[in-house]
Amino acid sequence: MREVVLRPLRHTGIAGKLWIAFLVIVFLFGCYAYYLQLKNGLKVTAMRDYASWGLYISNFVFFVAISLVGALISSVLRLTNFSWYRPITRIAEIIAVSGIIFAGLIIIVDMGRPDRVLNLFTHGRIQSPIVWDVIIVSTYLVMSILFLYFPLLPAIAYCRDTLTEKPKWQRWIYKKLALGWTGSHTQWRLMKKSIAIICILIIPLAISIHTVTAWLFATTLRPGWDSTNFGPYFVAGAFQAGTACVIIAMFVFRKAYNLQKYITEVHFNQMGKLLVFLCLIYAYFNLNEYLVPAYKMRGAEGKLLNDLFTGHYAPLYWSVQVFGMALPAVLLLWKKARKPLPVAIIALAVVVAAWFKRYLIVTPIMLHPYTPIQNVPANWAVYFPTWIEIAIVSASLAGVLLIITVFSKFFPIVSIWETLENEGIELEEMDNPEK
Numbered sequence: 001m002r003e004v005v006l007r008p009l010r011h012t013g014i015a016g017k018l019w020i021a022f023l024v025i026v027f028l029f030g031c032y033a034y035y036l037q038l039k040n041g042l043k044v045t046a047m048r049d050y051a052s053w054g055l056y057i058s059n060f061v062f063f064v065a066i067s068l069v070g071a072l073i074s075s076v077l078r079l080t081n082f083s084w085y086r087p088i089t090r091i092a093e094i095i096a097v098s099g100i101i102f103a104g105l106i107i108i109v110d111m112g113r114p115d116r117v118l119n120l121f122t123h124g125r126i127q128s129p130i131v132w133d134v135i136i137v138s139t140y141l142v143m144s145i146l147f148l149y150f151p152l153l154p155a156i157a158y159c160r161d162t163l164t165e166k167p168k169w170q171r172w173i174y175k176k177l178a179l180g181w182t183g184s185h186t187q188w189r190l191m192k193k194s195i196a197i198i199c200i201l202i203i204p205l206a207i208s209i210h211t212v213t214a215w216l217f218a219t220t221l222r223p224g225w226d227s228t229n230f231g232p233y234f235v236a237g238a239f240q241a242g243t244a245c246v247i248i249a250m251f252v253f254r255k256a257y258n259l260q261k262y263i264t265e266v267h268f269n270q271m272g273k274l275l276v277f278l279c280l281i282y283a284y285f286n287l288n289e290y291l292v293p294a295y296k297m298r299g300a301e302g303k304l305l306n307d308l309f310t311g312h313y314a315p316l317y318w319s320v321q322v323f324g325m326a327l328p329a330v331l332l333l334w335k336k337a338r339k340p341l342p343v344a345i346i347a348l349a350v351v352v353a354a355w356f357k358r359y360l361i362v363t364p365i366m367l368h369p370y371t372p373i374q375n376v377p378a379n380w381a382v383y384f385p386t387w388i389e390i391a392i393v394s395a396s397l398a399g400v401l402l403i404i405t406v407f408s409k410f411f412p413i414v415s416i417w418e419t420l421e422n423e424g425i426e427l428e429e430m431d432n433p434e435k
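Residue numbers for the sequence shown follow this note's numbering, beginning at 1 and rising by one.
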């Protein structure tokens, strides 16, 4: 098992190098676009007085959503001892870390003046939901890194002792990150105890980050946001999007790194069942979110819903409902659809729909204020992102994928010790599999 899992760390094929090069190019192009935004100001974007939130905030909400997967799903399944999940825990955790890193960065991009970000800490008012969000995102980032790092310690030590052909700087990194791990019984006991404590602490924290993010919208007097349903609504959507992301990553790593023996059809079947359940839960919250105001159809809220149901945003809105919730929930009821390729395609549809769902939560509502839009240029009443915004958002998505890809080239993407333990091998019998 060790050699199979370490193979991607020893060798990167042509396809892998091209993939990394592509991500780097997209990321660098986005950095250039951000340089132009810093130089010329936010006027280079399509955001104006009415549509003051656009792609950046949509992307922020999406990244916060996918970051749920490493914390809530992984910790709950660890605590409930669902042993089948163990080989894919690390995939979930690195998705969470990369997602929350770029959630924080995209907010700084949206500010326009990154030099003033410190004002949130030095002059922030605790009454503001924005300050709550800054605190919870920062805390969640630290906890997510620890949640990834502690179970990774044996793997780092194994890389330190095994990958002696690697460059000196890489072996130095392994040595420092391993923290002197030798695989003693005491170290195993302390590591497992630490993981259990973090699992307990990170569950309320994960729920809080999505709830507080929802409050950023719900505490704002806007049609479509004035809802007490937003907290659980965001958590349910994040659960669904995060699960779909894990399924896609499972499929890609299984195929690219030949991990069929460790990421099996059982994992796809189980994750497919979980995705069905989450699609149904999220559909329930969507029904609650839209049915009651649609029954009344009054004022600015009625105009917004008309725009969503039958107007300008109708094709996107109904595509999200069908391909993001209804169709996946129906298709995945069949076992054949829960095979690796079909469930990965369905999960991809869910993730794409989840991103556009966040766009629909943000942009149409910004363009339907309670006060009428008047005496302003006509283009202020619409929002279509500029190439600057598209480039920066694409760079942030590439950045998340780049972190995940590079991580898988430095550390085993499948946890060796958890997989062996899942097969019934006790720690003493492992002969220090990741030392």
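Hints listed in this document are in silico derivations from the structure and should not be mistaken for laboratory results.
Any given hint could be a false lead.
[Claimed, not checked] Pairs of lysine to aspartate or glutamate residues, derived as EDC-like cross-links and limited to a Cα-Cα distance of at most 20 Å, are as follows:
#, residue 1, residue 2
1, Lys303, Asp226
2, Lys43, Asp115
3, Lys335, Asp226
4, Lys176, Glu165
5, Lys296, Asp307
6, Lys39, Asp161
7, Lys296, Asp226
8, Lys175, Asp161
9, Lys409, Glu165
10, Lys176, Asp161
11, Lys303, Glu289
12, Lys339, Asp226
13, Lys255, Glu265
14, Lys175, Glu165
15, Lys336, Glu265
16, Lys409, Asp115
*Which of the listed hints are not met by the structure?*
Checked against the structure, the hints that fail are numbers 3, 6, 12, 16, while the rest are satisfied.
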